[in-house]
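> Below, each chain spelled out in residue letters.
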Amino acid sequence: MAKAKPRVKAPKKAAKGDIVEIKTLVSHIMETGLRKGKDGKIIPREIINKFTAKFNGKEFFSVDLEPAVSANPYFQFNMRVEEPGEFEFVWNDDDGSTYTAKSKLKVT
Amino acid sequence: MRELSRRQALALGAAVVTISVVGIDTAFAAEDTKAMIDKFTGGKAPGEGGVTISAPEIAENGNTVPISISVDSDMTPDSYVKRVLILADGNPRPGVATFNFTPASGKAEASTRIRLAKTQNVVAVAEMSDGSFKQAMAQVKVTIGGCGG
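Line by line, the protein sequences give chains A and B. Each residue of the first sequence is one higher than the one before, starting from 1 at the first, in the numbering used here. Each residue of the second sequence is one higher than the one before, starting from 1 at the first, in the numbering used here.
If you're looking for bench data, these hints aren't it; they were derived computationally from the structure. Do not rely on the hints blindly, as some may be mistaken.
[To be verified] One side only, chain B facing chain A, incomplete, derived with CB under 7 Å:
{"hint": "1", "residue": "Thr98"}
{"hint": "2", "residue": "Thr102"}
{"hint": "3", "residue": "Ala104"}
{"hint": "4", "residue": "Ser111"}
{"hint": "5", "residue": "Arg113"}
{"hint": "6", "residue": "Arg115"}
Cβ atoms here follow ideal geometry from the backbone N, Cα and C, with glycine treated the same way.
All chains, full assembly: derive it from the sequences and hints.
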């Protein structure tokens, strides 16, 4: 079920040695497992539990998330630019789904 | 009246202490936070300094509180921040997130938005590549709690 749409803000061009800033956002309710529904029963937990940022296939930053991360998880982080290539961002859902976004980077 | 045996006196004392504990939720949350830090550091005491938590002093909405963590480091393969554990010591469960860095991160800095159930401390514990740990703490006052009522 495609319920989580990712959005990424990453530079398209940078110089070697630059430390660039990347922002990512994915729409997801991040159900904590602590809320009760109208029937009084606990709504089961359903969150994004892992976010991974890779460049040319190699992980450079990741986050292990708990239910205390707000709905629509947002992350801002950095990467030191060494070579041109492609970013790949992956979000893992408790239910086994993964969501992905990619972005290319040129090095001047 | 016969004298209490040592065992009876201890049991009586323990019962009195248990009854007099107030705010049990808060006591458990603080215990959990300490236990999580100990598990993360393998029992080592984190040092102070070098870790900055940027968070609002007062958060209007506990459902989405912006926080930034920054750890001083050149982030070279010889000396870098491996990961930072983020805890909220007054939430039903203190664990919030762990940021995992590599030298390629360039900077040991990251931001996110978190849920805070009420006024409490956000704690950040950084693990360095040399096996040492550093921590910082920031209090955030919360006007509307973020646990969905």
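> All hints, please: hold or fail.
Here is what the structure says about each hint:
1. Thr98: It holds, given that the least Cβ distance between B:Thr98 and chain A is near 4 Å, below 7 Å.
2. Thr102: holds (5 Å)
3. Ala104: With a minimum Cβ separation of about 4 Å from chain A (threshold 7 Å), the hint on B:Ala104 holds.
4. Ser111: holds (4 Å)
5. Arg113: Hint on B:Arg113: holds, closest Cβ of chain A at ~4 Å, below 7 Å.
6. Arg115: holds (5 Å)
Consistency note: the structure conflicts with none of the earlier hints.
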